[in-house]
Amino acid sequence: MLTILFDGVAYGMLLFVLACGLSVTLGLMNFINLAHGAFAMAGGYCTVILVNRLGVPFALGLPIAFLVTAVLGGLFERTLYVHVYAKPHLDQVLFTIGLVFMAVAAVDYTMGSSQQFVQIPDALQGQFNVFGIGMGKYRLLIIAICGLLTIALQLMLSKTRFGSRLRAAVDDPRVARGLGINVGAVFGITFAFGSGLAGLGGALGAEILGLDPTFPLKYMIYFLIVVTVGGTSSITGPFFASILLGIGDVAGKYYVPKLGAFVIYAIMIAVLIWRPQGLFARSTAR
Amino acid sequence: MKFNHLLMAASAAFALAAASGARADDIKIGFILPMTGQQQSTGKQEAAAAKLFMQQNGDTVAGKKVELIIKDDGAVPDNSKRIAQDLIVNDKVAFLAGFGVTPGALAVAPLATEGKTPEIVTAAGTSIITEKSPYIARTSFTLAQSTVPMADWAAQNGIKKVVSMVSDYAPGADAAKSFAAEFTAKGGQILDSITFPLANPDFAPFLQRAADQKPDAIFVFVPSGQGGIFVKQFAERGMDKAGIRIIGPGDVTDDDLLNGMGDPVLGAITAHIYSADHNSPTNKAFVDAFKKANNGMRPNFMAVGAYDGMHLMYEALKKTGGKTDGDSLIAAIKGMAWESPRGPISIDPDTRDIIQNVYIRTVERKNGELYNVEFETFPSVKDPIKAAEKK
Amino acid sequence: MTSAAANEVAAYLKRRARWSPLEIAFWVFAFATIWLFPGKYLILKDTAILALFALSLDLILGYAGIISLGQAAFFGLAGYFSGLVAKYGIINEPLLALIASGLAAAALGFVTSFLVLRGSDLTRLMVTLGVSLMLGEVANRYSNITGGADGLQGVDIQPILGRFRFDLYGHNGYVYCLIVLFICFVLARRVVYSPFGLSLRAVKGNPLRAAAIGIPVKWRLVAVYTFSAGLAGLAGALLTQTTAFCSLDVFSLDRSADLLLVLIIGGTGYLYGGLIGAVIYKLLQDWIANLTPQYWQFWIGLVLVVIVLAGRERMQGWIAAARGALEDATARVAARPAKFASDRQ
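Residue numbers (this note's numbering), protein chains in the order written: chain A, 1 to 286; chain B, 1001 to 1391; chain C, 2001 to 2345.
I should point out that these hints are in silico values taken from the structure, not numbers from a laboratory. Be aware that a few hints might be false.
What the hints assert, rightly or not - Keeping only pairs whose Cα atoms sit at most 27 Å apart, straight-line, the calculated BS3-like set for lysine-lysine is:
1) K2087/C <-> K87/A
2) K1028/B <-> K2014/C
3) K1241/B <-> K137/A
4) K1065/B <-> K2040/C
5) K137/A <-> K87/A
6) K1116/B <-> K2204/C
7) K2040/C <-> K1092/B
8) K2282/C <-> K1177/B
9) K1334/B <-> K1116/B
10) K1382/B <-> K1366/B
11) K2087/C <-> K218/A
12) K1318/B <-> K1028/B
13) K1161/B <-> K1092/B
14) K1284/B <-> K1241/B
Because the structure is a prediction, the values reported are computed rather than measured.
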């Protein structure tokens, strides 16, 4: 029972790291980025190449994956995404789905279509047994990393100057601009950072979620569910939403395996009927 | 690496350009394969094998030129059906072949009957497929062919309690059912049978459920391409350390992915029709040529299915002297026997299904690579489900 | 509203509702394809179904401003409905089954419309998507009825009206789909050029203001959503009937996403967008997928990105300009014989 809870939390944490960048960009620029999963995939493949082919240690592979995807995200933001911000949601959806299609085919072409695995160190394989609860070492690592990240993010948002600028820009971009905050730059940095996080999530998750060219399409729905259920105005919302979904999904599959993914769709629709703006939305003017 | 792919793409483009100059009396073979989507690794293996066969055996049979048409159905049966109809009506293909998943093969069956076009199933493995049309023959395998020997072996080798875990579609149901029947008949016990959705991200909860029942072994079937993640999570749960073994048809230790799975998969016992490690000159030549043509990719049982499918179609055409009407082709196919990379195989004249050896294998490390090493053979296995129906 | 204004609106609607020569030419050509491209019935049939499906989305997206990723819910529901009634022999006449399936989908549309009316664009996207995915899971769950991941096997569709069999070449299937498409189009056209359609445009422009001038915004949206669901359902039922098969894929995200692409290519809000988009999309997809069966997604993706970056409005501007020019030309051609005749007298 507790093992299920543990697995659910680990899964939820992973979802959070993957999706939190998306929730911030959505809240900040009101921009629907369906290609978010493509960055996660990039991070995953980056780690595969580094660790498996070039023999870089796993512990070093993760931060590099973060950096590479962050740079990639920043690059895309500056060159392509900037042109699409002002366009209607429909255009944004199309544009980013187009990017996903291209990413899927390009990865298939360069890396092949079979599933890839990151070779994780032996020390991370296996399970601890604490009071009869089996805890996978790797999942424990995920919880640790993601937990630390969450705290760091929360601190960064609430304590630093950049954090307050970001929050201001999310709450009301026009006024923030009026106060001399360079919303475009704030957004560029946030986008790159969010992409980096997705890349890290992809690298960490390759072991659990699997990694193949269809990754962005397979998980796009999960990310979007996290974001819509959690609301887009803070990171605590998506955080709790991820944990809720992670536990719901794992528990649902354990107890009623035949229903499969039904449980999380039901959770999502129920939440959205109850609170259309998400669980933790503040009522903003927008 | 990239350059090689470019070369491949260029040669494919060249092949296409050459193909477009086809004449009307050419013989066309239409392969319908999942080249995109979740089952795309199957499509890749099959297409590569079919092309390799044509490379090795030339593109003329019985004095006629053979053209290979490969279409992507994304493993979506609607698409398979539409494409098949198009191939029959507009391209006037002599054969339909491929079919990565059972639903696709089943969807096309009525068209094969109506269009009198032989449908050569080179991948999908549900027993009933060949019964759906008198024009269907199979060169892949049926799941029961692997699972029944697997159950025999398990019962004889001290495995008493098993949890079965299969993907929720026809082949999965076939695998679970045929295994359970044989295993319980031989005195074993099935603790639980778990099914999970075909498109499934995380096996953790299902594995946990299985582990909690403390079985001797887990019988598993997942479609080609998904086995790796299963084994990884199996090991992560410490189930290998707890003495639980993985047994099942060979899909889970797919040759294509085996190397990426790492040490946890060592010692997994599977029953299957083909291993890249199969010790025969025919197979060695096939594996070498396949790797050479495909950038080091190792052929799996899907590749050999397509390779043998091409062989079957070529031989059938030779026998009919290039006649392409469905009735003579299917008559030529019945009872055909030859030496495949997987060992001796033949087409059962009664059911048009394949008869082949099934091998019990264990995963071992050989020259630094992981292989399914065969150690026991069940010779000339007919599809047990159909055999049982006959009795 | 004064009577003068009412008369003006009526006159405006009447003017708009008149069939232009270009429209007539379009449909004449559409029906001429039956004889023009005898080897292409299959792709034509798929195109006709896709066009009907796109038309249904255009009604809510182009005329009511609702973004939806969940049209597949209606498509799939009706697809399974028509397949099941045929399989179990409940309704054997395809036409009746078609209408019943459409009604079933419309009923689902009515029920779910209340979910969709709430929330922002993103919420709508997710709720509509969620509904179709949930239905997909339900169909998967009750595999004893629906066949689950194996698809609905053994569907046997009777000849239409007891006379026209669905043949292997797809001739009757195509004619059947085309006629249904035309009827649905005429219906949609009636709706759009009615006062009801006009009020929808007002709602799309500014819901608050529309409510202020006395338009019952909520019920208008419910109505159009239900109607659109019904059309989507007809498309789904057509697919099942013409292929005698139905699988879980009818509920997939790809199907709804493809539909958006179709509309974007063809443009929204003038009814022909879905039709033209469907034709272009199918041709493009067929062509690219034949060139590279494995990597066609890349090129479709590229086309999308380029369309958005180049500006959808601009493209639609071109289409509108081309349409204007064509309209002039056809009008002149249509006028010429009359002039010629009058000259002779």
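Against the structure, the hints come out as follows:
1. K2087/C <-> K87/A: violated, 47 Å
2. K1028/B <-> K2014/C: Violated, at roughly 56 Å.
3. K1241/B <-> K137/A: holds, 14 Å
4. K1065/B <-> K2040/C: holds, 25 Å
5. K137/A <-> K87/A: Not OK: K137/A and K87/A at ~45 Å, beyond 27 Å, violated.
6. K1116/B <-> K2204/C: Not satisfied, since the Cα-Cα distance of roughly 54 Å exceeds 27 Å.
7. K2040/C <-> K1092/B: holds, 13 Å
8. K2282/C <-> K1177/B: violated, 42 Å
9. K1334/B <-> K1116/B: Measuring from Cα to Cα gives roughly 16 Å; hence the hint holds.
10. K1382/B <-> K1366/B: violated, 31 Å
11. K2087/C <-> K218/A: violated, 32 Å
12. K1318/B <-> K1028/B: Holds. K1318/B to K1028/B sits at ~14 Å (cutoff 27 Å).
13. K1161/B <-> K1092/B: With a Cα-Cα distance of about 52 Å, the restraint between K1161/B and K1092/B is violated, given a limit of 27 Å.
14. K1284/B <-> K1241/B: Distance ~35 Å between K1284/B and K1241/B Cα, so the pair is violated.
Against the hints set out earlier in the document, violations occur for numbers 1, 2, 5, 6, 8, 10, 11, 13 and 14.
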